[in-house]
Structures are given as C-alpha cells and as structure tokens.
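**Q** Chain residues, written in single-letter form:
Number of protein chains: 2
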Amino acid sequence: MNDLELQKMQTTLSNAIISALPKNHKNKEINHYYELISDYPKRGGKLIRGILLLLSAEAHAGKWQDALDVAVGLELFQNWILIHDDVEDESDERRGKPTLHKIIGDARAINVGDALHVYMWQVLNNLNLPKAFEIRDEFLQMIHRTAEGQHLELSWIENNNFDLGEKDYLEMVSRKTAYYTVVYPLMLGALAANKIPDKKILALGIDLGIAFQIRDDVLNLSQNDEYGKEFAGDLYEAKRTLILVKLFEQASKQEEKELKRILNKKRTTKTKADIDYVLSKIAKYNVLEQSQNYAEVKAARGLELFEDVFKILGRPAVTAHMSRLLESLAYRNS
Amino acid sequence: MNDLELQKMQTTLSNAIISALPKNHKNKEINHYYELISDYPKRGGKLIRGILLLLSAEAHAGKWQDALDVAVGLELFQNWILIHDDVEDESDERRGKPTLHKIIGDARAINVGDALHVYMWQVLNNLNLPKAFEIRDEFLQMIHRTAEGQHLELSWIENNNFDLGEKDYLEMVSRKTAYYTVVYPLMLGALAANKIPDKKILALGIDLGIAFQIRDDVLNLSQNDEYGKEFAGDLYEAKRTLILVKLFEQASKQEEKELKRILNKKRTTKTKADIDYVLSKIAKYNVLEQSQNYAEVKAARGLELFEDVFKILGRPAVTAHMSRLLESLAYRNS
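Chains as they are written, first to last, in my numbering: chain L, 80 to 413; chain B, 80 to 413.
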C-alpha cells in the first residue's frame, strides 16, 4: 500500500460512484432528473468515509477491490443525506456551490434525494459478498442512528431549546455524525473482507467521529478559503454545537439572554450585526480554542484505541495510512 | 376465500405494519420521533395495494401469510412517499388530518419520511422467500418509476408548463401512480408466491392505475365528506390532471390566459374567487364527467385483460375479490 495505490483507490471509487447512477433518458425532463441525481456526487467530496472503508477491508486481509461496491453505497448514503440535510437546515452552500434546493427548489431536491437513496439500495442489493446480508443490516442501523441524531438537533432548534449540556451534545453528534463517519466505515470494511468487526471499533469510532464533527464546527466559524460551506452558516442555522454549549456555560445572564434572542430568530431575519455579536462572545470566552482542544483530546484517545485494535491485524502499512487519515479529522482545513 | 378471511387478512396486515416500526426509546425526543414514524401508518389507509398483493399471491397458488412482509414493505413505501409528497406538494390534509409537515415542520417531516423509508428496507432485507432478491429488485424499479413521475409533475409546476397533452399526462401518471398502485402489487404477489409474473400485468396495471389516479383527481374536485384530503387542493397545488388537460383543450384563448394566471400563482396567494373561477370553467366544459368517463373506459379495458390473465390461474374466488377491488378503483368515493 503506497501513495500511488492510494490514489488509484480514490480514482476507482470516484468513478464507481458515478457508474452506479443513471444516465441518458430519451424523455428530456427525466434526463435532466438523472443529471440532478449525479450533481452532488460529481461535485467531488473527499471520499474520506469510502477510503476508510476500503483501507479497513485491506487491514482485515481483504482486497479493497472486493469492497468497492460497499464503499460506493456508503458514499451514496453521504450524498443523499446531504441533499436532505441541506433542505432541513436551510443551508446555502455545499462543496463550494449553491445547495441543490437553492438551484431547483425544495420539492424536487427532496425527490432527488429519495432517488439517490434508492440507487444506494440498488448497489447494496446487488452485492456479491458472503456477508451481504449483514452489510445491508449495518447500513440500516447506520441510517437509523444518523436520522435519530438529525431529529434531536432539529427538535432542539424547533423548540428553541438551549438547555443542553455536553452530554446532550455528545449523544446527538455521536448519532448524527460519528457512526457514519468512522464507526461504520471501519466495521463495513471488516464485513466486506468477510471478518467479524472488533467490538472496540464502536468506542474508538465515536471518539474520532466526535472529533471530526467538532473540527467541522470550528472550521465553520474560522475564516478559511478551502472550506466549501458558508462562513458562520451554523450560527444562521442555530446549530447546537459544542462551541455554543461552552459559550452558554460561560456567558453572563445578560449575554445569554441576548444570544438566545439572536439565535432563536429565523435564519432570514438574522442580520450581520447579530452574527457579529455572537462571534464577539465566542472570541471573548475563547470557546473556539476550547472546542478545538476538546476535539484533539477525543482524537488522541480514539487514535490510541485504533492502534491497539488494528495493530494485531498485521498490516502496518495500511494501518499507517488509516492513522494519518483519522488523525487529520481533528486537524483538517476543509 | 370468503369475506371473513378477507377481513382477517386486512387486520393482520394492519397489525404487521405497526409491528415493523420502532417503539419506546428511553430518550424522550427519540421516543417522540418513533411516534412520528408511526403517525401516517396509524392513520389507517385503505391498504388497497397491500391487499391486492396478498390476493395476487393467493391467486398464484401461494399463501397470503407468506407474502405478508412484502405487503408490509409496499404499505410502508406508500406511507413514506406520502410524507415526502405532502411536503413537496405543500398539501394541507392527509387521511382527514393535517399533513405531517403542517404539524412538525418540513425539516423533521422530511427526516421522518427518510426513517420510514429505511424501515421499509429493513423488512425487505429480512425476507425469507426464494425470490427475495427479485422482490427487492422490483421495489427498486417501482420506486424509481414513482420518483420519476413525481419529478415530471413537479417540473411542470415549477416551470409553469401547461403545454401538455393527454400523452404527457398519461406518461407522468403511469409512473407516478400506476406502477405502485396496480402493476407492482400484482407482480410482487406473484413473486412472493415464487412464480414469474405474466408480462401482461404491466399493460393491465397501467390501465387500472391510470383509472385510479383520474378517479382521485375527480374526487378532489367533488364535494364529498368521505374524502380525506382538502376539497380542490389539486387546484391550489396546480396539479397537472387530466381534468386540466381537457379544460385547456376546450377553453377559449381568453379563458386560457386567465386560467394560467390563476394556476401559476403561488398556493398561498390563490383566493377562493380564483379557485371558483377555475371550478366554473371546469363545470362549463363538463370536464369532470369527461375525465370520469375516460377513467371508466381505461378501467374496463384493464379489467378485461386482468380477467384473461388471472382466470387461467384457476382460483376463481380469489380472482373475483380482486376484480371487485380493481373495479372499485374507478368508482370509489374515498
């Protein structure tokens, strides 16, 4: 496993994702619909989850080529859930371009997300692997956890609920992000290699997945050209991040009241001055740095457990690649 | 197969649908989410599609009990797609109550629809039938066709397109409704009974499915207490129905202009006077009756072919039940 092979893996995965999607229909409208289905996948995400899955298959003495369709399924999952999340969160940008619903409206974007969801199951139904049933079953669990996490976050926003501690945040974000970002890529790679995944993958994957999400939240509030989403979008959407949890822990009663007043406003009625006020308090209490440190501690702990679990598989070169990838979750810039 | 057994079938199916869904979670918010997932299924639809599927399994010399999970999958499909369609069409009522997104907002309703979609695949992944793979594959094709039909209709509305003939309408409505309402229930019943479905099911199912949708469109514009959706909702949503196609064929240039002006207005800005104008033109040109007649011709043709195909299966009592059910599609009152 050298850098060249890693690059080949990435290109192969990227092509396989597009190959799984429909193209060319004689009805002009349906042809356009096919193009919409491929829109997010063609914007080219980083494929971190798919690559992790392929490397996990290799680490478990499988061939990454045999795990390819499982990785395609995982990446298609990521794409359809992003289309729907973008509608649900009223997000403006995705991968450096306007979100799909900003281009074609909510109605068709929801429908295109459903279509992509079905193309994901099409890949999974056609798997030709000994553990195909188990793999589909893990996809079911993964999507259940993710949708539950999304529900928690949306309910807190809808109910203007800021009465949240670190524990609530960790429960929400474990479900919403950690499972599908780290836990399941590692487990599905093992299953694709016809192995039973080590139970410790759950704990290490949750630590690393939480680190990933916190880093994402920190990046959203840091000026950065590489980042593909709008600056401070999370504040416009009033996302319940660790940053806000820590801010509310430290703010004065007076500040808390003003922060709530601003964050509870509808997205479209929030002014730049509103957002600047929240940013000034974030700076005052230094909660970005506190959150970044928190992410790094989680990442270090998760990484240590990862080394323990994967070392005994006896594929040091593969594991080294995975470590580097996982380490970057808490430090990436985009 | 007598009426008592048919009733037992219906109760068993209804209970099996609820049993396939999650209940009781210690986290209060997730518990509420579970209740939301069961909301539409518990409102108790007519289960026409599921019952047709079970009867088709019996007609194909299978046991309806063995086809039960396939019918559950089909009914779950109907429920999740209705949640999303109601958001996409901005519908106000479903089964005599406010639509889900009117109760909890678009964001969480979309997410709940996704969850229900996944519970459908959970049932299908656990099928213990010789043709489980083929059944899942037919579900994939069914959902693809339905979503394509939905895209056609949404695009016409979004693009203010009224330049549509009978042929366009039939293509849209075949995809959007006929496949999942008649074609696939009959085919899936055969597969659940481990038989290869007769190819003629496609043609007869499309005729009968179209009849069903036209009847639905006619009911929407007829004053009727049994009907669970809002009166004239289709006009507020500017749905492209056969009624409108026929109206535009016959209206004067002057009327056409006014009809377009009204129908292209945003739903919330349409007044009762606007809707009354459209209704008056529908009455003037008698297009409700023309559409109803069209549905009845389609139904008669589909029913004739149905008798041909199912007669040779040698289960006259079952086929008689199915005929009655299919016949009612073009004449039902709710």
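Read the hints as simulated data drawn from the structure, not as lab findings. There's no promise every hint is true.
Treat identical chains as interchangeable: a pair holds within one or across any two.
Simulated pairs of lysine-lysine, BS3-like, Cα-Cα distance not exceeding 30 Å [said to hold, decoys possible]:
id: 1; residue 1: K363; residue 2: K336
id: 2; residue 1: K279; residue 2: K105
id: 3; residue 1: K318; residue 2: K274
id: 4; residue 1: K345; residue 2: K390
id: 5; residue 1: K279; residue 2: K308
**Q** Next step is simple, just say for each hint if it's right about the structure.
**A** Each hint, compared with the structure:
In the homo-oligomer, the alpha carbons of K363 and K336 lie at most 30 Å apart inside one protomer (16 Å), although the nearest pairing across protomers, at 60 Å, exceeds that limit. When the C-alpha separation of K279 and K105 is checked against a cutoff of 30 Å, the pair qualifies only between copies, where the shortest distance is 24 Å, while the shortest distance within a copy is 50 Å. Taking identical chains as interchangeable, the C-alpha atoms of K318 and K274 are never at most 30 Å apart, the minima being 38 Å within one chain and 52 Å between chains. Taking the shortest Cα distances, K345 and K390 never come within 30 Å of each other, neither inside one copy (49 Å) nor across copies (61 Å).
For the homomeric pair K279 and K308, neither the shortest alpha-carbon distance inside one copy (33 Å) nor that between copies (51 Å) is at most 30 Å.
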